[in-house]
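Make the full structure from the sequences, and use the hints.
Next come the chains, spelled out residue by residue.
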Amino acid sequence: MVNGVQFSTLFQQIINGLSLGSVYALIAVGYSLVYSILSFSNFAHGGFLVVGGYICYGLLMGKGFNIWIASLGALVGAGFVAALTERLAYKPIRERTSMTLYLLIASMGVSIVIENLFVIVVGGRFRALPQNTFPSALFSLGGNVTVSAFDIFSLVIAVTFLGGLQLFLSRTRWGLAIRAAACDLRTAGLMGVNVSLLIAIVFFVAGLLAAVGGIFLSVRYTLYPQLGGITTKAFVAAVIGGLGSLPGAVVGSLILGLAEMLTAGFISSQMRDLVVFSMLVIMLLVKPAGFFGKQIGDKI
Amino acid sequence: MKVLLEARDLHVSYGAIKALQGFSLSLNEREIVSVIGANGAGKSTFMSAVMGMVKCDRGEVFLDGKKLPPKSFLVVQGGLSLAPEGRKVFAPLTVLENLEIGAFSRAGHGDVKKDMEWVFSLFPRLKERVRQHAGTLSGGEQQMLAIGRALMARPRVLLLDEPSLGLAPIIIRDIFAELKRINEEGVSILLVEQNARQALLLSRRTYVLQTGRLLKEGLSKDLLTDPEIKAAYLGTKGK
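For the record, the sequence lines run as chains U and C.
Quick note, the first sequence lines up with residues 830 to 1129 if you use the working numbering.
Quick note, the second sequence lines up with residues 61 to 299 if you use the working numbering.
The hints are simulated quantities; they were obtained by calculation from the structure and are not laboratory data.
Stretches of chain C that chain U covers, calculated by requiring three or more beta carbons in the stretch to come under 8 Å of a beta carbon on chain U:
no., stretch
1, 130-141
2, 147-153
FRET-style restraints, in silico, Cβ to Cβ:
no., chain 1, residue 1, chain 2, residue 2, range
3, U, V1110, C, R241, 57 to 65 Å
4, C, E277, U, Y931, 39 to 47 Å
5, C, R166, U, V1104, 49 to 57 Å
6, U, L946, C, K62, 55 to 63 Å
7, C, G195, U, S965, 45 to 53 Å
We put the CB at the ideal spot given by N, CA and C, even for glycine.
Next comes the structure, spelled out in C-alpha cells:
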C-alpha cells in the first residue's frame, strides 16, 4: 500500500513537473533565442511575461472578451512590447558598440521600468484569473492517481507552441535566416537579410512565447508585477541546457520542472528552490557550457 | 567598356586609425579587377565599405551610376555579393541551407534551383556534400561554399575577400580556374588578395593599396613585370 501511494505520488509529480517544465520552456526558449542572436542575457524577458499576463487579465476582466481573444491580444501585445523594447533600449546601444555588457545592463534597467510601470498603473496587488478560465477539473486515472486538466492543458499548449516555433525555424525563409544569424549575425547581413527586421522578429517571437508562459503562470500562481522574477528559473534552465541552444532550453526546463515537483512531492516544497540552484551550481562546475551549449572558441 | 561599379574617394577610420584615405576604383562590365596589398593595407576595409558594412567618413560607391545605399541587405539586393574573408560559412547549417540562405534576397524571383545546379557544376564537391554540415567541410570546400553561396544571390558583381587564405596551392589553382569560368558566364569580379601572383594572373587590371592609399594601378600583365611590384609583392628580385 505504501508503495502504491508512493507510485501515485511519483506519477502525479511527473505530470506536474512536465507541465511546469513546459511553461518554463516557453520562457527559456525565447530568452535563449535572443541570446543566440545578440549574445546577451535579456533580463527584461520576465517583463514581457508580465505584460502578457496583464493584457490577458485586462481584456478578460475589464473588457469582457472571452479567453481566446484575450490570450491572442496578450500574445501579440507582448510581442510588440518586446520588439519595441529592442528598438528603444537596445538598438541605439547595438549601433554604437559591440560590447554586449551594455545591453545586459540596459536590460536590467528595462526590467525595473516595466515592473514599476505596472506597480504605478495597475497597482501592486495580486490578481487571479477566474477559476474557470481554463479547464481545471481533476480527473482520476485509476487508483490514487489524479491529474488536473489544467496541467495537461498547459502541457499540450506549450508543446504546440514549441512545435510551431520548431516548424517556423526549420521550414521558413526567415527561420533559416534566424538560424544563420544565430551562427553569425554580421554574415547573415551579407546574405541580403535585413538584420534590423530579423532582430525585431526574434524579439516579437520571444515576447509572444513569454506571454503564453505568463498567462499560464498567472493561473497557476497569481498575477502581480514581480511575477517576471520567475524568469530566473528559466535562465537556470537555459544555462543547464546550454545558453543559446533551443533544444537545450527545452531539456533544461523539463529537468528543472521535474526536479522541482519531485522535490516538492518527496522531500518538501520548501526545498524546491534549493534543489534548483544547487543544480545550477553543480552544472556550472561539471559542464559549464550546459548539455547543448555552443562550443567556445573558433576553428581556425 | 561600360563602368559597372565605381568607388569614389573612400575614407574610412576606426577611431583614430585611418584605414582608407581616399581610395577610388572602377570596375567595368564583365571585367576582373584585383586589389593587392600587404596586411593592414585596407583591403578588407575597402570591401566592407563597398558592402555597406562600415560607415564611410567620406566618399561614395556607385553601381550603374546609381549611389549604393549604406545598408548591406540593400547592397545585396542591388546586385553585389561578397564571399567574405575567412569564408564565414554557417557551420551548423548544411551545405544546402548555406546555399539557400545565399538566395535570401531574391526569394520568389528567378529559378533558385537552376542557380544551385550551376553552383554544383562549378563545384561538384559541394553536391556530394549537400546534406553535410558546413563546419565539417575542409578549408577548400568551405571556400567553394562561400563562393557558391555568394553566387546564389545572382550578383552582377562578385566580391571576393582573400579567397586563397590558408589553402593549399593546388586548391587555390582550382578555385581560381572556376573564378575565370564564373567571369566568362557574365559575372564581373572584384578580388582582394594578399596572394599577389594569383591575383595578377587572374585579373585584367590591378590596384595596389598601401596604408589606405593607392600606390599604383594598371594592367595586371604590366604589373607582373614591374620591378617595384616584383620586389615588394611577388618575392622575386626585379631585374
